[in-house]
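J.: Okay, here's what each chain looks like letter by letter:
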Amino acid sequence: MARAAESMDGVFRALSDPTRRRVLERLSKSPASVSELAEPFDMALPSFVQHLRVLEGSGLVHSRKTGRVRTYQLAPKRLRLAENWLARQRDFWERRLNQLDAYLLELKEKRR
Amino acid sequence: MTLPSLLKPDPTLDLVLERVIDVPPELVWAAWTKPEHLSKWFCPAPWKVVDCEIDLRPGGMFRTVMRSPEGKDFPNTGCYLEIVPNKRLVWTDALLPGYRPAADPFFTAIVTLEPRGTGTRYIAMGMHRDEAGRKRHEEMGFHQGWGTALDQLVAHAKTM
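Residue numbers (the working numbering), protein chains in the order written: chain A, 1 to 112; chain B, 1 to 160.
The set of hints was computed from the structure by calculation and includes no laboratory data. Fair warning: there could be bad hints in the mix.
Output of the computed footprint for chain A on chain B, the stretches with three or more beta carbons under 8 Å from beta carbons of chain A [what the hints assert, rightly or not]:
#1 10–24
#2 117–128
In silico negatives: residues of chain A with every beta carbon more than 10 Å from chain B [claimed, not checked]:
#3 Glu36
#4 Ala38
#5 Gln50
#6 Leu86
#7 Leu100
Cross-link-like lysine-lysine pairs, in silico, DSSO-like; alpha carbons within 30 Å at most [stated by the list, open to error]:
#8 B:Lys48 x A:Lys108
#9 A:Lys110 x B:Lys8
#10 A:Lys29 x B:Lys87
#11 B:Lys8 x B:Lys72
Keep in mind that this is a model prediction, so the values were computed, not measured. For glycine and all other residues, C-beta sits at the position ideal for the given N, C-alpha and C.
If we strip away everything but chain A, and leave its shape as in the complex, we get (with noise of 0.2 Å):
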């Protein structure tokens, strides 16, 4: 239960940027090299490269390389998760859970 939460933590918080939701559209059309990917940002490549990184981690794309070129593709088994509603809502409780326990030890703290 704990792991589905933090990989739902991961899926979130690689959507939660809008460079990387524009990645993850692009790629839904079909896969691409990191070239192809990142030709409409005005971003250096180092930065966007991390973007890249940070979606492959949560598991929603993965990449291949082949000679000097690496592909990514969407990993649609990851999509399906982020789309069941209920691991959403568990991960909405789990998030706010954290926050509430980590919110009363600073309340109980500042009491002593």
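Starting from the known structure of chain A, arrange chain B on it as the hints suggest.
T.: Same frame as chain A, now just chain B:
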């Protein structure tokens, strides 16, 4: 601690989360029932609670306004059903303050606390409405920020 016997979680619709924390029940209770506390944690970052109103009695208002990272506000209004200080709190959005039926009910939440050593064991249970109700809530809900992009992706993923 077990849930009251009339509560029967449905695994396809309901969530039951249990935590143990080394903080006394009175403090946990305050965090759930005082706006100045609840606003601090009730909404997972980067969303924020920007307004909160609590009238802590059966039928009394429980209202929060949650703000998305894009600055859009989503009000949620419901009422309390059961209040047993330091033990149990039940509320729903199926009824508005004064028990008036709501137009688009979605959930009932039950929080149960019990002392455990110097701390508290608490169970948060959320009971939700059927699929159709859930979808509508989701459309106005927390994932609005990336909902459209995700929907397109999911639609595409299904064809893969």
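J.: All the hints need checking, so say for each whether the structure fits it.
T.: Against the structure, the hints come out as follows:
For the segment 10–24 of chain B, the stated coverage by chain A is satisfied: 8 residues place a CB nearer than 8 Å to a CB of that chain, which reaches the threshold of 3. Counting residues of the segment 117–128 of chain B whose C-beta sits closer than 8 Å to any C-beta of chain A gives 3, which meets the bar of three, so the coverage hint holds. No beta-carbon of chain B is positioned within 10 Å of the beta-carbon of Glu36 (chain A); the least distance is around 18 Å. Remark: the non-interface label on Ala38 (chain A) is consistent with the geometry, its nearest Cβ contact in chain B lying 19 Å away (cut-off 10 Å).
Listed as outside the interface, Gln50 (chain A) is consistent with that label: its C-beta sits roughly 19 Å from the nearest C-beta of chain B, beyond the 10 Å cut-off. With a closest Cβ-Cβ approach of about 7 Å to chain B, Leu86 (chain A) is found to fall inside the 10 Å limit, against its non-interface label. Residue-level check failed: Leu100 (chain A) sits 5 Å from the nearest beta carbon of chain B, not beyond 10 Å. Using a Cα cut-off of 30 Å, the hinted pair Lys48 (chain B) and Lys108 (chain A) holds, with the two alpha carbons roughly 23 Å apart.
The suggested pairing of Lys110 (chain A) with Lys8 (chain B) is violated, with an alpha-carbon distance near 38 Å, which exceeds 30 Å. Straight-line distance between C-alpha atoms of Lys29 (chain A) and Lys87 (chain B) comes to about 52 Å, which puts the hinted pair past the 30 Å bound. As the CA atoms of Lys8 (chain B) and Lys72 (chain B) are separated by approximately 35 Å, the hinted pair breaks the 30 Å bound.
Hints 6, 7, 9, 10 and 11 from the list above are not met by this structure, while the remaining hints are.
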